[in-house]
Amino acid sequence: MFKYFPHTTDDIQQMLGVIGVKSLDDLYAEIPEELKLHRQLDIPLQKSEIEVRNMIQGLAEKNCRLTCFAGSGVYDHYTPSLVPYLASRSEFSTSYTPYQAEISQGTLLYIFEYQTMMARLTGMDLSNASMYDGSTATAEAMMMCVSAAKKRNRVLISGTFNENILQVVRTYAKFHGVDLVEVPHKDGVMDQQVAKELIESDDVAGLIVVQPNRYGFIEDFTGLADFCHEHNTLLAINTVASALGVLKSPGEWGADIACGDAQSLGVPMGYGGPYIGYLCTRNTLVRKMPGRLVGATTDADGKRAFVLTMQAREQHIRREKATSNICTAQGFMCLYIACYLSLMGPTGLKQVNQQSYNAAHYMHDELIKSGKFAEVFPNKPFLNEFTLRYTGNDDIRSRMAEAGILFGVPTQDMDKCITIACTEKNTREQIESVINQL
Amino acid sequence: MNNVYYGKLIFELSKPGRIGYSLPSSDINGYCLGDLPESVIRKSQPDLPEADELTVARHYTNMSNNNFGVDTGFYPLGSCTMKYNPKVNEEMAALPGFNIHPSTPDAMAQGALELYDEVQKILSEIAGLSRFTLNPYAGAHGELTGLMVIRTYHMQRGDVARTKIIVPDSAHGTNPASAAVCGLQIVQVKSTADGTVDVEDLKPLLGPDIAGMMMTNPNTLGIFERKIPEIAQLIHECGGLMYYDGANLNPMLGVCRPGDMGFDVMHINLHKTFSTPHGGGGPGSGPVGVRAGLENCLPNPQVIRNEDGTYAITSGDNSLGRVSSWLGNYAIIIRAYAYLLSLGRENIAMAGKLSVLNANYIKECLRSHYNLPIDGLCKHEFVFDGLKEEYAGDHHSPNHITTLDVAKRLLDYGFHAPTIYFPLLFHEAMMIEPTETESKDTLDEFITVMKQIAEEAKTDPELLKTAPHSTPIRRLDDVKAVKEPRFVY
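For the record, the sequence lines run as chains C and L. By our numbering, the letter at position 158 of the first sequence is numbered 158, and the numbering carries on one by one without gaps. By our numbering, the letter at position 381 of the second sequence is numbered 819, and the numbering carries on one by one without gaps.
Since the hints were made in silico from the structure, they are not lab data.
Computed list of lysine-lysine pairs in PhoX-like fashion (alpha-carbon distance at most 25 Å, straight line):
#1 L/K903 - L/K826
#2 L/K525 - L/K878
#3 C/K321 - L/K628
#4 L/K559 - C/K36
#5 L/K921 - L/K903
#6 L/K921 - C/K288
#7 C/K174 - C/K151
#8 C/K150 - C/K196
#9 L/K921 - L/K446
#10 L/K525 - C/K3
#11 C/K303 - L/K446
#12 C/K196 - C/K174
#13 L/K453 - C/K350
#14 C/K416 - C/K186
#15 C/K303 - L/K921
#16 C/K380 - C/K350
#17 L/K481 - C/K350
#18 L/K918 - L/K903
#19 L/K525 - C/K47
#20 C/K186 - C/K196
#21 C/K416 - C/K369
#22 L/K878 - C/K22
#23 C/K288 - L/K918
#24 C/K380 - C/K369
#25 C/K3 - C/K47
#26 C/K3 - L/K878
#27 L/K665 - C/K36
#28 L/K628 - L/K665
#29 C/K303 - L/K918
#30 C/K380 - L/K481
#31 L/K481 - L/K453
#32 L/K903 - C/K303
#33 C/K47 - L/K559
#34 C/K174 - C/K321
#35 C/K196 - C/K151
#36 L/K921 - C/K321
#37 C/K22 - C/K36
#38 C/K369 - C/K425
#39 C/K62 - L/K559
#40 C/K62 - L/K525
Everything numeric in this text was worked out from a predicted model, so none of it was measured.
Given the sequences, and given the hints that come with them, work out the whole structure.
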């Protein structure tokens with residue numbers, strides 16, 4: 001007997017009788033004996049619920065929950081209590097891909113809401129029903145560019161992306177056969193001159209840029225979309241989703257594709273996942289879109305209802321000719337985002353950005369004032385993340401960690417530099433405590 | 439499930455001036471977003487809903503009442519392993535100690551890294567392989583990662599001509615799609631009349647351009663591929679590697695391991711075999727395991743156990759590269775760990791056996807009414823090829839009852855439908871996977887209803903043609919959704 005198995009001994013006997021075999025092992029009679037294990041698996045012994053809880057609780061307690069001043073694509077924004085509460089409803093969580101629309105309107109509705117919210121935030125025509133994370137969404141954007149361009153195989157990517165995203169895109173490019181060229185940075189932002197010179201050779205399928213970039217700086221893409229379009233190059237912009245509440249949207253910049261991670265919209269940091277990648281585009285590119293799409297239609301009584309649609313793009317219909325191999329994505333996280341944005345609304349999102357901005361700028365100014373930090377790229381605008389050079393000689397991040405503070409992340413390609421992020425959760429007191437311990 | 443359609447969108451409940459949040463009054467002043475250059479600022483506020491907290495709570499609660507999950511009722515969706523999702527797993531995944539930033543120094547994330555390594559080790563033993571990465575986010579992502587492992591292995595040996603991958607015609611659609619994303623050409627191998635790979639059709643395909651072969655065993659028909667040792671040997675002899683699509687691993691638990699069958703690389707769907715919730719289409723998790731000798735090819739970052747018993751994150755130079763921002767869908771891995779500990783070595787094999795018992799029981803009870811194209815023992819799932827003609831009517835007639843009609847009628851009786859029209863080998867495919875967590879009582883109810891539907895098909899076909907009748911909405915206009923596309927409100 002085991003709590004997840006409902007079969008009684010009698011049930012099993014009756015069922016074996018119907019099937020016409022004598023034992024459960026006989027159900028595997030056709031498998032050659034030499035392929036069978038013939039022993040118990042060498043895995044832990046079964047645990048009661050109390051023991052499971054104690055063991056995993058013990059592991060959780062081995063982790064240190066540091067006061068977070070780290071970003072690099074993952075931000076410690078506040079999640080309102082209602083969001084995880086609603087998301088715990090098992091009508092949502094224990095369902096699967098809404099193939100049977102008549103009994104899946106809950107899932108389909110929140111995905112449709114999510115698509116609408118992301119399209120509005122990014123200023124694009126439409127959004128798909130999520131990608132795995134921001135890095136794979138960027139890789140899919142790259143493959144979309146190549147697929148849309150037909151005869152072009154070169155994609156440019158800004159070197160100001162976080163290194164982990166660059167590495168993922170490089171991996172996809174290597175295996176998918178995309179000629180991926182990285183555009184170097186100049187003074188902490190992508191060198192647009194270099195990008196433009198490459199685009200002028202009229203063989204570039206797409207350019208992918210990032211906002212804010214790996215140093216936290218806000219880049220200015222004025223005129224970039226027009227330049228790309230004159231040369232039939234698509235422009236994709238990756239933006240931290242929360243920042244879209246105040247920063248110029250990819251649509252406003254004239255982009256063809258918007259992609260990124262929506263973790264910043266109230267998704268817990270959870271040691272790296274699950275997060276949710278978003279991918280939005282213009283109507284003209286919908287047939288190149290990877291992943292699920294939910295659309296509105298009517299039922300037999302004429303009622304408005306929602307359904308998975310445009311499935312002719314997808315792997316289960318098109319197999320190797322599909323726009324992507326993606327199948328299960330992060331559907332459930334759409335519910336997180338839809339609940340979060342419903343609660344925050346435009347003013348809440350703006351306020352989150354304002355408070356994160358305040359905290360980051362205060363931290364930045366105090367660090368400079370301390371004399372222990374120096375600007376690396378002076379006068380660059382930033383939102384809630386910035387990069388400074390530490391002028392001391394000790395390992396300041398380890399020292400801070402000992403004091404319970406996650407003091408930014410080491411800037412990936414620059415010696416002694418730290419990239420620091422703040423959110424609305426960081427108080428003046430926390431920041432002053434950092435300064436006092438410098 | 440509530441049969442009254444809710445159907446509202448949050449945008450329709452929005453009213454300017456409402457808010458659903460509270461933030462502390464900022465104690466840091468003197469800074470203003472307006473100080474940013476005008477050229478980088480948004481022109482107008484995004485048009486997001488404005489709602490108070492109760493409006494939002496009620497909205498999503500009402501919406502959930504129009505949704506069907508495993509907790510609602512029987513969900514025999516073939517190839518998806520819709521088993522019960524234990525609730526202690528949810529609590530463990532939500533422990534505050536795991537809600538840390540992924541760049542937390544290794545020394546301060548030892549518990550998280552230990553858990554990752556423990557799951558890695560348990561999966562390796564279950565699979566009969568050497569090492570797993572838990573970074574891939576889903577099954578298809580695992581397939582892609584596994585194929586990247588295979589290509590990396592060949593490329594590192596200078597064997598660059600291996601650009602083709604063999605995929606059976608019964609394979610999941612993700613197999614060829616993942617291969618295409620990975621830059622491989624797909625070579626399809628036929629199935630025999632008994633639904634297994636046709637070895638004679640396979641032989642002429644082999645050569646120095648073959649990178650490997652993708653298979654799932656049992657296959658998508660629920661049939662165990664008995665010739666697997668011979669197939670693996672043929673592929674290995676021609677220099678290729680064997681890839682195991684772990685979507686169908688559940689019946690094999692503790693009985694027969696992919697590594698022992700001759701597979702070199704595989705993925706596991708934690709959201710199928712190891713009970714993590716399917717979440718309406720993710721987040722899942724698709725760990726990838728490899729045979730000894732291929733470990734270096736696994737993606738970065740990698741979690742290792744040092745000799746002193748501490749854990750660390752490293753990156754290897756021979757790795758295929760990176761496929762995820764961090765260490766995968768970490769909270770899903772916690773859930774799978776809780777499940778593996780709960781099952782333990784005593785119960786894990788029983789999960790597989792009972793799933794096979796349930797599938798065979800339904801098959802035997804319903805073969806009198808539905809066409810069973812392949813006889814014999816199935817594993818965790820099986821495929822019917824529609825209703826028998828005596829119930830469905832002449833299949834040339836427009837009133838012929840199709841698999842779609844049966845599926846829709848099932849919804850009226852409070853069951854989720856099986857996977858329909860897959861695999862593509864049969865016109866009226868109906869793929870049924872009950873899983874081990876369903877009782878004989880539930881299966882008996884399902885069997886009774888399936889027989890009743892067969893009778894209805896004979897006596898009142900119109901009832902089926904217009905089904906469902908007691909769901910929140912009726913059958914949808916799929917054509918309209920494509921012809922007049924609307925993806926946003």
